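A.B. asks: These are the residues of each chain, in order.
There are 2 protein chains.
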Amino acid sequence: MNATIRDSKPVHYLEDFAVGQKYRSTRLPVDAAAIKNFANAFDPQPFHLDEEAARSTFFGGLAASGWHTAALTMRLLVESDMRPAGGIIGARGEELTWPRAVRPGDELEVETEVLEVRPSGSRPRQGFVKFRTTTLNQRQEPVQVLVMSLLVERRAVPA
Amino acid sequence: MNATIRDSKPVHYLEDFAVGQKYRSTRLPVDAAAIKNFANAFDPQPFHLDEEAARSTFFGGLAASGWHTAALTMRLLVESDMRPAGGIIGARGEELTWPRAVRPGDELEVETEVLEVRPSGSRPRQGFVKFRTTTLNQRQEPVQVLVMSLLVERRAVPA
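Going down the list, the sequences are from chains A and B.
FYI, our numbering numbers position 66 of the first sequence as 66, with every residue one higher than the one before it.
FYI, our numbering numbers position 138 of the second sequence as 138, with every residue one higher than the one before it.
A few of these clues could be false.
What the hints assert, rightly or not - Below are the DSSO-like pairs computed for lysine-lysine, each with C-alpha atoms no more than 27 Å apart in a straight line:
id: 1; chain 1: B; residue 1: K9; chain 2: A; residue 2: K36
id: 2; chain 1: A; residue 1: K9; chain 2: B; residue 2: K36
id: 3; chain 1: A; residue 1: K9; chain 2: A; residue 2: K130
id: 4; chain 1: B; residue 1: K22; chain 2: B; residue 2: K130
id: 5; chain 1: A; residue 1: K130; chain 2: A; residue 2: K22
id: 6; chain 1: B; residue 1: K36; chain 2: A; residue 2: K36
id: 7; chain 1: B; residue 1: K22; chain 2: B; residue 2: K9
id: 8; chain 1: B; residue 1: K130; chain 2: B; residue 2: K9
id: 9; chain 1: A; residue 1: K9; chain 2: A; residue 2: K22
id: 10; chain 1: B; residue 1: K22; chain 2: A; residue 2: K130
Hints are computed from structural coordinates only; laboratory data are not their basis.
Keep in mind that this is a model prediction, so the values were computed, not measured.
Using the sequences and the hints given, assemble the complete structure.
C.D. replies: Right, here's the structure in full:
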């Protein structure tokens with residue numbers, strides 16, 4: 001992360017978001033070492049740790065933990081141009097699926113689309129933006145779909 | 001992980017799960033270094049990286065990434081007695097919230113409850129178990145709620 005470059009990107013307040021807006025990330029490669037490192041720390045199951053042991057499992061080979069895919073998705077979002085005022089702060093997820101396994105050698109990218117924009121009923125300075133964030137591999141196949149509302153600052157306080 | 005000890009725990013097939021069953025994990029401490037390491041790799045935002053910078057944000061101080069909490073929750077589940085046959089394989093999440101921030105010095109534990117058990121309509125060897133997994137801090141306050149269906153193997157194939 002280069003803070004100077006990042007901080008030069010424009011920040012979006014609730015009023016700047018509109019249904020249908022899309023943001024696309026850069027790409028991030030995933031190798032076997034990264035898959036195993038994450039699994040050792042957070043999801044130590046055979047199909048995330050060892051090629052040989054993974055062969056006889058549901059995945060039929062080494063596959064990234066879904067939570068690793070979720071974490072990589074977050075990194076791609078943070079580095080993208082989708083920059084809510086106040087930061088990317090998850091308020092409520094309502095869908096999280098992993099339609100395909102992430103394999104060693106895959107390259108991930110993220111496309112996120114605004115589904116809904118609404119002010120908070122109780123907090124005049126805040127609102128919620130619901131996004132569908134689809135994580136794609138290098139063949140443009142979805143490997144994760146996340147529908148989540150983020151907490152976003154409003155530009156102006158109503159009088 | 002000690003594979004021998006882990007493998008000595010009983011495995012649960014779809015037929016072994018019933019609505020209302022609960023499993024509880026051991027505890028896992030979270031310190032500032034772990035919060036910053038995760039954030040550097042996956043969620044490099046000021047409120048996850050630096051105490052000083054975090055003070056003026058929504059969180060008012062250093063807080064763990066929600067995806068870090070999710071990953072730690074997974075580790076606690078993998079190490080728990082909730083051992084579905086075939087492994088812990090997420091099929092579909094339908095709720096993910098972080099009601100409270102995880103702070104340096106917190107100790108997390110997980111309670112998971114079976115909400116629903118159903119055979120797969122298309123795959124005779126598989127079914128789905130829906131769990132509500134609540135991650136608690138040392139004051140027994142929820143810091144994450146996840147409702148997710150797991151793919152679970154069936155014991156017997158119907159004739």
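A.B. asks: Take the hints in turn and mark each one as holding or not.
C.D. replies: Hint check:
For the proposed pair B/K9 and A/K36, the alpha carbon gap of about 23 Å is at most 27 Å, so the pair holds. Restraint check for A/K9 and B/K36: the C-alpha separation of about 23 Å stays at or below 27 Å, so the hint holds. Our distance criterion of 27 Å between C-alpha atoms is met by A/K9 and A/K130, whose separation comes to about 21 Å. For the proposed pair B/K22 and B/K130, the alpha carbon gap of about 12 Å is at most 27 Å, so the pair holds.
Proximity of A/K130 to A/K22 is assessed by CA-CA distance (about 12 Å); at most 27 Å being required, the pair is judged to hold. Distance check on the hinted pair: B/K36 and A/K36 sit about 20 Å apart at the alpha-carbon level, within 27 Å; holds. A distance of roughly 16 Å separates the Cα atoms of B/K22 and B/K9; the hinted pair therefore holds under the 27 Å criterion. Restraint check for B/K130 and B/K9: satisfied, since their Cα atoms lie roughly 21 Å apart, inside the 27 Å limit.
The suggested pairing of A/K9 with A/K22 holds, with an alpha-carbon distance near 16 Å, which does not exceed 27 Å. With a C-alpha separation of about 32 Å, the suggested pairing of B/K22 with A/K130 is violated against the 27 Å cut-off.
Hint compliance for this structure: hint 10 alone is broken.
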